[in-house]
Amino acid sequence: MTESGAGPTLVLVLAVAVLVGCGVILLLERSLTRVLLGIIMLGNGVNVLILLGGRPGGAPIVGSGPVERMSDPLPQAMVLTAIVITFGFTAFLLAVAYRSWYLSGDDEVPDDLEDRQIIRRAGRNEASAADLGGEGPNGDPEQVDPEPARRRLRRGDDGQ
Amino acid sequence: MSALLPLPVVVPLLGAALSLLLAGKPRLQRTISVLCLSGTLLVAVLLLVQAYRHGPVVVAVGAWPPPVGIVLVADQLAALMLVVSSAVTLCVLLYSVGQGRSETSESSPVSIFHPTYLVLTAGVTNAFLAGDLFNLFVGFEILLAASFVLITLGGTEARIRTGSTYVVVSILSSMIFLTSVGLVYAATGTLNLAQLAERLDDLPGGVRLALELMLLLAFAIKAAVFPLSAWLPDSYPTAPAPVTAVFAGLLTKVGVYAIIRTETLLFPGGRADKLLMVVAGLTMVVGILGAVAQSDLKRLFSFTLVSHIGYMIFGVALSTAAGLSGAIFYVVHHITIQTTLFLVAGLVEERAGSTDLRRIGGLARAAPLLGVLFFVPAMNLAGVPPFSGFLGKLGLLQAGVAAGGPLPGVLVAAGTLTSLLTLYVASRAWNIAFWRAPRTATSEPVAQLPRLMVGATVALVALGLALTVLAGPLFDVTADAAGDLLLRTPYVSAVLPGGVP
Numbered sequence: 001m002t003e004s005g006a007g008p009t010l011v012l013v014l015a016v017a018v019l020v021g022c023g024v025i026l027l028l029e030r031s032l033t034r035v036l037l038g039i040i041m042l043g044n045g046v047n048v049l050i051l052l053g054g055r056p057g058g059a060p061i062v063g064s065g066p067v068e069r070m071s072d073p074l075p076q077a078m079v080l081t082a083i084v085i086t087f088g089f090t091a092f093l094l095a096v097a098y099r100s101w102y103l104s105g106d107d108e109v110p111d112d113l114e115d116r117q118i119i120r121r122a123g124r125n126e127a128s129a130a131d132l133g134g135e136g137p138n139g140d141p142e143q144v145d146p147e148p149a150r151r152r153l154r155r156g157d158d159g160q
Numbered sequence: 001m002s003a004l005l006p007l008p009v010v011v012p013l014l015g016a017a018l019s020l021l022l023a024g025k026p027r028l029q030r031t032i033s034v035l036c037l038s039g040t041l042l043v044a045v046l047l048l049v050q051a052y053r054h055g056p057v058v059v060a061v062g063a064w065p066p067p068v069g070i071v072l073v074a075d076q077l078a079a080l081m082l083v084v085s086s087a088v089t090l091c092v093l094l095y096s097v098g099q100g101r102s103e104t105s106e107s108s109p110v111s112i113f114h115p116t117y118l119v120l121t122a123g124v125t126n127a128f129l130a131g132d133l134f135n136l137f138v139g140f141e142i143l144l145a146a147s148f149v150l151i152t153l154g155g156t157e158a159r160i161r162t163g164s165t166y167v168v169v170s171i172l173s174s175m176i177f178l179t180s181v182g183l184v185y186a187a188t189g190t191l192n193l194a195q196l197a198e199r200l201d202d203l204p205g206g207v208r209l210a211l212e213l214m215l216l217l218a219f220a221i222k223a224a225v226f227p228l229s230a231w232l233p234d235s236y237p238t239a240p241a242p243v244t245a246v247f248a249g250l251l252t253k254v255g256v257y258a259i260i261r262t263e264t265l266l267f268p269g270g271r272a273d274k275l276l277m278v279v280a281g282l283t284m285v286v287g288i289l290g291a292v293a294q295s296d297l298k299r300l301f302s303f304t305l306v307s308h309i310g311y312m313i314f315g316v317a318l319s320t321a322a323g324l325s326g327a328i329f330y331v332v333h334h335i336t337i338q339t340t341l342f343l344v345a346g347l348v349e350e351r352a353g354s355t356d357l358r359r360i361g362g363l364a365r366a367a368p369l370l371g372v373l374f375f376v377p378a379m380n381l382a383g384v385p386p387f388s389g390f391l392g393k394l395g396l397l398q399a400g401v402a403a404g405g406p407l408p409g410v411l412v413a414a415g416t417l418t419s420l421l422t423l424y425v426a427s428r429a430w431n432i433a434f435w436r437a438p439r440t441a442t443s444e445p446v447a448q449l450p451r452l453m454v455g456a457t458v459a460l461v462a463l464g465l466a467l468t469v470l471a472g473p474l475f476d477v478t479a480d481a482a483g484d485l486l487l488r489t490p491y492v493s494a495v496l497p498g499g500v501p
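One line per chain: the protein sequences are A and B, in this order. Under the numbering used here, residues 1 to 160 are what the first sequence spells out, in order. Under the numbering used here, residues 1 to 501 are what the second sequence spells out, in order.
If you are wondering where the hints come from, they were derived from the structure by calculation, not from laboratory data. Note that CB positions come from ideal geometry on N, CA and C, so glycine has one too. Careful: at least some of the hints might be erroneous.
[As the list claims (entries may be wrong)] Which bits of chain B does chain A cover? Going by a derived footprint, with three or more residues having C-beta under 8 Å, they are:
(1) 130-142
(2) 166-180
[Unchecked claim] Sample of chain A residues lacking proximity to chain B, with all beta carbon distances greater than 12 Å (derived):
(3) G58
(4) S64
(5) G123
(6) R124
Chain A extracted, bound-state conformation (with noise of 0.2 Å):
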């Protein structure tokens, strides 16, 4: 922020550009630790424009200097949370990551159920089977039938 006061200097302004286009840029990434990257850069340039958007000047301390010259305080107040959660995310982040290579051997972020599901099927040439009614007369779901030899099973499951 400059003394004089004549609005955010062109240097910020571009390293917000820089930090958010980068930070998207990461966050469309498969793996998780560049997708933290992502979100850390992603982060710090937002909290540079929160900055940017109060008024430049001295630092906000009374007695310091004449009150009209002074930097807005706000922002700043904004700012110190804003970096706190970010923060705290970051490490929750960290631990998921870590997490992740621990259990999978990676920090890829893999497809969605339903992808993976469409993508098997697919791979096997067949329409998807979305009646789960069950097909014949034994799955027929308008039907209560007790389904009798399965039952008489269970019983003598239970007798021995």
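Place chain B on chain A using the hints.
Quick look at chain B alone, frame taken from chain A:
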């Protein structure tokens, strides 16, 4: 009365600290959590009565005057949300206590569950009561941080996998929210909602629209509105049943609440209404079509959750008093019902060993009470006439017809279609899981369901029925709240009694 206002935020936070200290004594920990949430519920009811009778309750935290300091505001909307959310969190807490006691449960909650759950509650109440945009952000972050811990509870591979998606998407939405907070401050020089209401009106139209859309984008991710909803059905179902239930009931609704505030207090005039209507219609139809294709009870309910968010967005997008009133009623109804359904799915899992529709069946004969507990909220969700789901949908559709025009007409049609498809989905789940020939995933005879779990679910089903019986007075409150929201002056003059500086 205003001295009570910080309690819904402070009590759960202190309770969380206390129960963390008592991690070794589960009985004491449970007692503290239940007491904290009961206290919160009591205070919330008192606040609602006060807000309904005498207008918004306001407290300036630390006695700093409003435009600079942090204010907590409980107007009728916030107080109503507070009452419903406290009631639901209390029931879910009792359910989880019951689950912890049962011997059959694989995933007995660890000692971190209670403190985190209380922090989550504090975050939700803080978001409802926040009187400035930054405090709203902090409320969101508190509840998100707690939800991250809850969704990865136990740290199994499946939970870490789904949890990482959830964490990344949530952090991204928070970043967008934070950016818009920064830009709003840069444009207006304040973050107090009451003061923003005045200052945003004076901004150039383009800047105003850009800020509105950024805030809506952030909240729409949290509320799971259609193009931004793909994260939800993938991440919710793997968490433990009580966690999924409270997430489904509350977290998305906090997003809807924030959208209601944005669209009424900050940016009235409805310049984003057409956009909201289009996404509302898509959310309803795409969500319910997703539910039709599901084979797992929890995933199925996740999709109905996404789908029914569309109704609330539709009500907000109408920006008439009737539409808003219907939307608020629908939020109240949906928090209760969706939570109940997820708790019932948890009971099904406990009883039959799975929620996969391919592996369960005949539960109506094996566990008749479970059948009733599923059937009533499922029909309520679908909107079968006597229930509150029907009343809420009727209110919204009437408001849509009254608004007139082609787009609301299409939305009314989409809403009816969604209601019918929800009925199809609910009866399909009923037929497969409860009505067909008995089969269970586990062959060993199952122990009796823990009484407290069933009791908590019965209490929530009863709350859902109470919403039906008390729909008249409730509609009075929501209509009054909607009127206040559209007027804006009750809120602004309560926060800044001396006029806007």
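Comparing the hints with the structure gives:
1. 130-142: holds (count 3)
2. 166-180: holds (count 8)
3. G58: Given that every Cβ of chain B is farther than 12 Å from that of A/G58, nearest at about 19 Å, it holds.
4. S64: holds, 20 Å
5. G123: holds, 19 Å
6. R124: holds, 17 Å
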